Each structure stands twice: as structure tokens, then as C-alpha cells.
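Q: Protein chains in written order, with the numbering used here: chain B, 1 to 305; chain F, 1 to 278.
Since the hints were made in silico from the structure, they are not lab data.
From a predicted model like this one, the values you see are computed outputs, not experimental measurements.
Heads up, the beta-carbon is just placed ideally off N, CA and C, and yes, glycines get one too.
Some hints here could point you the wrong way.
Restraint ranges, calculated between C-beta atoms of paired labels, are given here [said to hold, decoys possible]: (1) F:Val4 / B:Asp181: 51 to 61 Å; (2) F:Glu243 / B:Ser25: 25 to 35 Å; (3) B:Leu98 / F:Arg221: 22 to 32 Å; (4) B:Leu17 / F:Val244: 55 to 65 Å; (5) B:Asp181 / F:Asp163: 42 to 52 Å; (6) F:Val166 / B:Leu283: 31 to 41 Å; (7) B:Arg288 / F:Met137: 52 to 62 Å.
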Amino acid sequence: MLLGSDAASPVFSWNLLSDFQEMWSYAFMVNAFRAGLVVAVVCGVVGWFMVLRRQTFAGHTLSVAAFPGAALSVLAGFSLSLGYFGFCIAAALVIAGLQRRGQGSGAEESAVTGTVQAFVLACGFLFITLYKGLLEGPEALLFGSFLGITTGQVVVLAAAGAVVLAVLAVMGRPLLFASIDPEVATGRGVPVRLLSTVFLVLLGAATAEASQITGTLLVFALMVIPAATAQQLTARPGLSLLLSVLLGLAACWCGLIAAYYQPYPLGFFVTGFAFAGYVLAHLVRIAREALGRRPRGPLAIGGAA
Amino acid sequence: MSTVLSQEFFQHALLAGTFIALACGLVGYFLVLRAQIFTGDALSHVAFTGAMAALAGGYDLRLGLFAATIGVGLLLGGLGRKGRPDDVVIGSVFAWILGLGAFFLTVYTTSRSAAQGGAGTTVLFGSIFGLNGSQTMLAVVIAAAICLVLLLVARPLLFATLDEAVAAARGVPVRLLGFGYLALVGACAGEATQAVGSLLLLGLLAAPAGAAIRLTDRPFRALALSAGLAVAEMWGGLLLSAEVPKLPPSFAIMATASAVYAATFLVRPARRAVPAAA
């Protein structure tokens, strides 16, 4: 978690080429960049749909489920990836099952989700307390760490990411339809419920991927913020999807570079960069609206709308 | 068992826990009714950042806690329409704030001695058994104030929650109530962080209220039931943790609360045909 505590802490020089060569000479940094690429792309796409479907709360709960998954895998001694994916996907199925039953009672449903979330976190805390071993504390699991990502982990991430993207590519169009207008989609024979269940499972897999980079609590930095930023900037689905992926990637890689030189946790930098982009996008939109409202004036013919 | 009960730390925990649970039960009922659980979630994360910022800056933890939660509660109210913020805005803001919290945590743990390394865990998961006498008194006073204010505004707030348009037409200051309520939620989040930690307080807000809403359709009875359940769950959790020292108190409280909520699904599996809003 802390690079700065090393005696030979890397120093940023303005010779970018040698900086990069030095950074890439560490296998863990290369792996971190690879993992960041996979995670940012998957989260950009899945997160875009999540923001469109307004399922941020469900997404948050799923991401939280990654914490006990990781803690239990440390406690019981099985693979960390298994813990992440297993718990996130199981939580997705639970939420999907509860949603199906509690149709039309949004308030109660969110109470269920909130309770599940708190309980799951409490379980994670219990596992950590019971472990008392080499794990210095829950902070690394909660706030992310990019040290010690192995090549095997990158392969697992890439494989899972490819599956998620493939499934999403198949169901992308009907899902878009069902997300924007569920009633008309149902009328047209689109299996809305099935789509929403599958989407929740995909969301679980994506959050499981992201939590391995940013930590369980900061998954939103890669899931929500890039997508929200992209949807601020453009209304066209394809373009904003692409933008969301690129923004997520930029935030992730910039965060990695910054975290390499600074002793602060990776999650802080990734959220910081992503949120700066979000605020900028808001300002751009406000500026655009201010310009667009002016075309009554004689000179503003080619308004920037 | 009886030896633990007579210990001072346990009595402090019981006293503070009772009042904190009372406040959480009352505030949580409206949180569920207004479908603002996600706001509570965001505020709970803000509590972490506030506490860590105060620690990193060398102030009292609680100062940062309350300043951050109440401040962000009002901010979220201002961002959204009619004091009800949008999920995506909340998500983006709280991801960033949580990132800041991680930053302050690192600043704090690297600048202070290694003995302070557990501070992050304490704030995240609470340490109700670690409260001393003056902390307990302050927690009790603040929780009592929250309960009092909430009970004073309970009627208009309920009206504004169930039918905003009619309430506004009748001259109820809907927007002001929305703001005030978010400030109350913030204060409550700050309180509960001391008991069960910022990550788990959502359960204390949501579980008793959700159970109460399942058990009765009458608003004021549900409000009382929610507060009563919260207190009972707090006691149950504390006793359980005293009985089985391996279980941390935060986990025991959450487990009790979740179990009670799960039990309400068994008690009344099918909803009545008439919706609760009647």
C-alpha cells in the first residue's frame, strides 16, 4: 500500500521516457497497467448501463459484497479471485431474487438492499477479526492496492472481462431498449426480467474485477463517475459508451502513475482524477447551456449547442 | 456473564447504544419511507472521511464527524431537486469523498506512531466498547436532541413524505423539511459511527425501519416500533458480544438487526393488498 516507505522511493523527473522505462521495468507495474486496462474497459461499459438504468445503489451493494469475499478467502485460504467473483455474483443473484418478489415497493426494496449491505460488511469485519494474521488491516481490501497483482490474476481478470463484454455485446441492444423504456420493451416481447437478472450478474462480475484494483469501497470511481461524466457530455449512446471507457481508462492509468510516485493509496488518485473529470464535464455543460441560451443575440449564430 | 455486565465499559456502551439506537430507529423510519436509503449510505461514507480528516488535522474525531455529515447532508439536499438528491450525483460525490478519506487515513497513519494504525478500522467498523464517560454523555445528549427534533417535526414530515404536492399546497414547508431532515440524518450518521462504525450504520438505519414497515401499516405505530426494534437489537447485539467475546460488537448488532428483519419476512410473507401509504 505504501511505496513511499521504501528507502528507494521513485522520484518523478520530467524526462518522461526514462520515467516510463523505469516504471515498466517493474513486473508489478506492468501487471497493474494491464489489470487497469481490463478493469477500466469492463467497468466503463457495464457502468454506463448501470447509470442509464439508475442502479447505482445495487451496484454499490454488489461492490461491498467483494469485501467479505476477499476476507473469507484470506481466512479460509482459497483463491482471492474466487472470493471476489463468488461473493459478488452470489450477491447479484440475491438482489435479483429480492427485486423480483418486491415488485412495486421501492422503499422496502432499498431497505432490504441497505440491510444486506450492512450485514455483508459486518461479516467481512468478522472474518478480518477472526483472521488476525498477516493482514495488517482491512484498509488494503477496502481502498485498493496495486502491488502484488500477479500475471495469473491479470489472466483471470482478462478472461472474466472478455466473458462479460461478450454477453453484454449479445444483449446490448435489447438491454438498451429495456433500460430506456421497460414498458414498451415488455410489450414488444423483450424479456425484461431476464435481462435485468443477467445484467445484475454482469454487474457483480464487473464490480468483482474493479474491487481488485480500487478496493471495494471505491469501485464507483470506475463504474459510476466515468459513465456519469460521459452522459453529461453527449446524449448519443455509442459515443458516450466509448467516452465512458476512455475516461475510465484515463483515470485508472493516471491514478496508477500518480500512486507510483506518491505514498498515498491508489484509490484516492483514481477517484480524484475521475471526479475532477466529472466536475469539468458539469462545468462544460453549464457553459454550453449558457452559450446555447444566447442565440437570440444577433452575433451568436453558430451557437455551441 | 454478570461480570461483564457490571463492567464500566459495558454500561457506557449500553447507555450510549440505547440512545443512538433510538435516534437511528426514528430517523431510519423516515429514511426508508422517503426512499432515501442511498443518501444515508453516502452520509455514512462521508462520516469516515470527516473523522479521518479531523484525526489527520489533529482535531477531535467527533468534530470532523458531525461537521462532515451535516455539511454533506445539506449539500446533497442542495444538489437535488426539492431536497431529494439524485442517485448518480450521490454516487459520484461519495466515491470521491471516500477516496479523500483513504488519503486522510494514509496521512494520519504515516504521520503518527504505528500504535494509531487501528484508527481507520475503528472509524470504519466502530468500537462501542471503547467509549469513555464523557464521550458517552455527549453521545446521549446529541442522540436525545435528534430524537426530540424529529418527534417535533414528525407530523409535517410524514405529511410531506407521503404526499409532497398536497403538503406543499397546504402550506407545509416541504423544501425546508427536506433540508432539515437531511441535516438530522447527517447528525444521526455521526452518532451511529461512534457505535457501529461508518460502514455499518446503514444497517442500523435501514433494518429496524424496514422491519417495522413490514409489520404494521400505521405510520406512527411503525415509527415507534422502528425505534423500539432498534433499541432491542442494540441490546441483543451487545449482550451477544458480551457472551461470545470472539464476535466484535458491531458484527453482533448487525447480525441481530439482520436476523430480526429476516424474521419479519417469515412472519408476514405476503403483503396485504392495500399499500402502506394509505
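Q: With reference to the structure, classify each hint as holding or not holding.
A: Going through the hints against the structure:
1. F:Val4 / B:Asp181: 51 to 61 Å: This hint holds: roughly 59 Å between Cβ atoms.
2. F:Glu243 / B:Ser25: 25 to 35 Å: This hint is violated: roughly 55 Å between Cβ atoms.
3. B:Leu98 / F:Arg221: 22 to 32 Å: At roughly 25 Å between Cβ atoms, F:Arg221 and B:Leu98 fall inside 22 to 32 Å, so the hint holds.
4. B:Leu17 / F:Val244: 55 to 65 Å: holds (59 Å)
5. B:Asp181 / F:Asp163: 42 to 52 Å: violated (27 Å)
6. F:Val166 / B:Leu283: 31 to 41 Å: holds (38 Å)
7. B:Arg288 / F:Met137: 52 to 62 Å: Holds, at about 54 Å.
The structure fails hints 2 and 5 (numbered hints given earlier, in ascending order).
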